[in-house]
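Q: If you're matching them up, the sequences are chains D and X in order. Using my numbering, you'd call the opening residue of the first sequence number 1458 and step up by one each time. Using my numbering, you'd call the opening residue of the second sequence number 1458 and step up by one each time.
Don't take every hint at face value.
Any copy, or any two copies together, can satisfy a pair, since identical chains are not distinguished.
[Claimed, not checked] Under the rule of at most 25 Å between Cα atoms (straight-line distance), these lysine-lysine pairs were calculated in the BS3-like manner:
1) Lys-1675 with Lys-1686
2) Lys-1694 with Lys-1675
3) Lys-1675 with Lys-1697
4) Lys-1794 with Lys-1524
5) Lys-1748 with Lys-1675
6) Lys-1480 with Lys-1686
7) Lys-1793 with Lys-1542
8) Lys-1737 with Lys-1795
9) Lys-1675 with Lys-1685
10) Lys-1741 with Lys-1803
11) Lys-1675 with Lys-1741
12) Lys-1772 with Lys-1795
13) Lys-1772 with Lys-1741
14) Lys-1545 with Lys-1748
15) Lys-1803 with Lys-1772
Note that these hints are calculated values from the structure, not bench results.
Protein chains: 2
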Amino acid sequence: MTIQYFSSVTAPVNIATLKYWGKRDSSLNLPTNSSISVTLSQDDLKTTTTVATSSSFSTDQLYLNGKLESLASQRSQSCLEELRKYRKQLEENDPSAPKLSQWPLRIVSVNNFPTAAGLASSAAGYAAMVYAIAQLYELPLDRSELSKIARQGSGSACRSLYGGFVAWEMGTEINGDDSKAVQIADVSHWPGIKAAILVVSAEKKEVPSTGGMQLTVKTSDLFDYRIKKVVPERFEKMSKAILAKDFETFAELTMKDSNSFHAVCLDSYPPIFYMNDTSKRIVKIINELNKSQGRNVAAYTFDAGPNAVIYYEEKDERLVLGVIHEFFGTLQGWEKKKGVEYVVPKLFPIEKFDHQTFSQGVSRVILTGVGEGPTKTDEVLINLETGLPWQGSQL
Amino acid sequence: MTIQYFSSVTAPVNIATLKYWGKRDSSLNLPTNSSISVTLSQDDLKTTTTVATSSSFSTDQLYLNGKLESLASQRSQSCLEELRKYRKQLEENDPSAPKLSQWPLRIVSVNNFPTAAGLASSAAGYAAMVYAIAQLYELPLDRSELSKIARQGSGSACRSLYGGFVAWEMGTEINGDDSKAVQIADVSHWPGIKAAILVVSAEKKEVPSTGGMQLTVKTSDLFDYRIKKVVPERFEKMSKAILAKDFETFAELTMKDSNSFHAVCLDSYPPIFYMNDTSKRIVKIINELNKSQGRNVAAYTFDAGPNAVIYYEEKDERLVLGVIHEFFGTLQGWEKKKGVEYVVPKLFPIEKFDHQTFSQGVSRVILTGVGEGPTKTDEVLINLETGLPWQGSQL
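Please model the entire structure based on the sequences and the hints provided.
A: Shown next as structure tokens:
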């Protein structure tokens, strides 16, 4: 055989600056508040996915990083069913269209970064899968429509359908039809936004985010106020700050919302802790850096784990990376900056930091920045003669 | 000379179960919410204070743990002025009363526990000073009235004027006249309440609580909801739980309020972290213990620092201390339990805990329980011939 119907795409990771935490419907992944994220560059973090379909396949199959994985979860099934439903409509409207909706799918996906590092790989994964199948099926849906499908796989995946600066509007409808991603601004609007990810070693496995969210919704006394009062105001302000390229405000809101999200986790019963002592030391470093410069040159944010993502503007790169390099300069991740000499910025109160203590607990650094949304690629992960993954697709 | 006018008292530490965090008036120490505490036994933690007054003294003096300390702070001055004002009234009403209000005071105070451990020594200290001077001056004021004076020295000191279970009613008056401690129940009502204090080594000095409170009031978006909605409801429920000796509810509310207090600290900007990774491990231990028993047998609470206070009922002592001893049994503090053999309770999932990791970070254990309020003592810390502290009063 030679497989005729296939499509290959890449999709990015996104890191929220206004956090998604809480579902109002957990089977549809409908959130209790709107959120905002920055899409990160696929040069550094991406999922590549090839999908193929053929009447000769026996069942739907997913190969993730070279391993056969189950597609049985309700989340995966929802995405596949929805995409097939749209394809079926298309086939009904155009009798000449091949009946791809009736054939099994083979999905082969690889990440260019370690899955275990807790770097929102499921967001990139579902975005890539949905975008690839939509291409394969030639569906007449825009990214916002596709985001609603990806959302059912993993809530935050919906934001990975766009590049640049993305809002996930929570919506109000019961069926989730208005709970979708929209682009606030594309990369070209504010290309100077950079991100340094500090991968922090965790002592133990964290509370999975779905269970954590449900516990917070059910038990935190402060949560309701966060979603009804705090986040809606912050959403408006953050959107405006992005449109105005106002880093000072963007940074303040990003740090405050990270704090607020971890506060309602801590207010859960029993409390959920995602930040550890290493995370807190990173907060202190960024804090003192901003204080020393008399303005926000960097903004930390923490997801459901101890990793820090530090956003900053390219114009301040020497200041921000100067400090980060001072503590974490010996770790993996600086290769792309080879030859650059970093110095601790003037005014930074280095004497307040015990070097040995503050260099602890981080395992690698990833230097990246804002980037584009899912895109087609020529890289094909499936051997079109055999229908099986190429060996090379095993990381 | 022989000093004729002196008084000697002891006063206890108290640990809040409903936290005081936020001042509406920082010179009068008026809080933004009411709070509740348990007074701890003076057998284990107490301040002993002798005050003397004599026309032969030249100025007011304070010796704290054998060292001459300043009384110049506004907080100390407020207490002394207020007490002298009441004495002066008494002298005006009774011309035969000696004019003690005009004489300098000598205050000698010692703690029977390390001041540096972060164990609310200022609460015991101000309560002892105010109670001792009130005795010396023979003031016709009840403990609730005295609590208003101690409050001006250190907010939470007002709660140390009573034994047992104590509420600090926030009050509404601008001059603070209704912001005072009242007793919810005395020791005899629920004598079986025990406390294990786990003294945790801090990596760095914490944010002092006055500055921390002000930052939270000014910057936390969740704080207002906590003080207006969350705490008032919890206050009523906790008072009732104490009166009903309902440990299940008391424990839940205590843990929730500790979480909530640390949540608004984290929601401050920049965030304040008082709990560290050791604190979090203790939370996990208590959590799993309660889960394993199908009820709350222990309740953790954390003040503005990483130390844990674990409340439990005497009837569950073998369960609770069994677990605590398993991890911290080699530390100082178990001498009073000599001969008792502790075993990990059945059903406790010991396999979830890496022993080495979970035994880290605690420096000593203090085993105590609910106790009485300030009381007169025969121990006199001042040499009545010289007017100077006895050498023995130096710890």
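Q: Compare the structure with each hint and give your call.
A: Hint check:
| no. | hint | in the structure |
| --- | --- | --- |
| 1 | Lys-1675 with Lys-1686 | both (18 Å within a copy, 17 Å between copies) |
| 2 | Lys-1694 with Lys-1675 | between (28 Å within a copy, 19 Å between copies) |
| 3 | Lys-1675 with Lys-1697 | between (32 Å within a copy, 24 Å between copies) |
| 4 | Lys-1794 with Lys-1524 | neither (33 Å within a copy, 56 Å between copies) |
| 5 | Lys-1748 with Lys-1675 | between (37 Å within a copy, 18 Å between copies) |
| 6 | Lys-1480 with Lys-1686 | both (17 Å within a copy, 23 Å between copies) |
| 7 | Lys-1793 with Lys-1542 | neither (44 Å within a copy, 72 Å between copies) |
| 8 | Lys-1737 with Lys-1795 | neither (29 Å within a copy, 39 Å between copies) |
| 9 | Lys-1675 with Lys-1685 | both (15 Å within a copy, 20 Å between copies) |
| 10 | Lys-1741 with Lys-1803 | within (17 Å within a copy, 42 Å between copies) |
| 11 | Lys-1675 with Lys-1741 | between (31 Å within a copy, 19 Å between copies) |
| 12 | Lys-1772 with Lys-1795 | within (19 Å within a copy, 65 Å between copies) |
| 13 | Lys-1772 with Lys-1741 | within (22 Å within a copy, 44 Å between copies) |
| 14 | Lys-1545 with Lys-1748 | neither (58 Å within a copy, 50 Å between copies) |
| 15 | Lys-1803 with Lys-1772 | within (16 Å within a copy, 60 Å between copies) |
When the structure is compared with the earlier hints, violations turn up for hints 4, 7, 8 and 14 and for no others.
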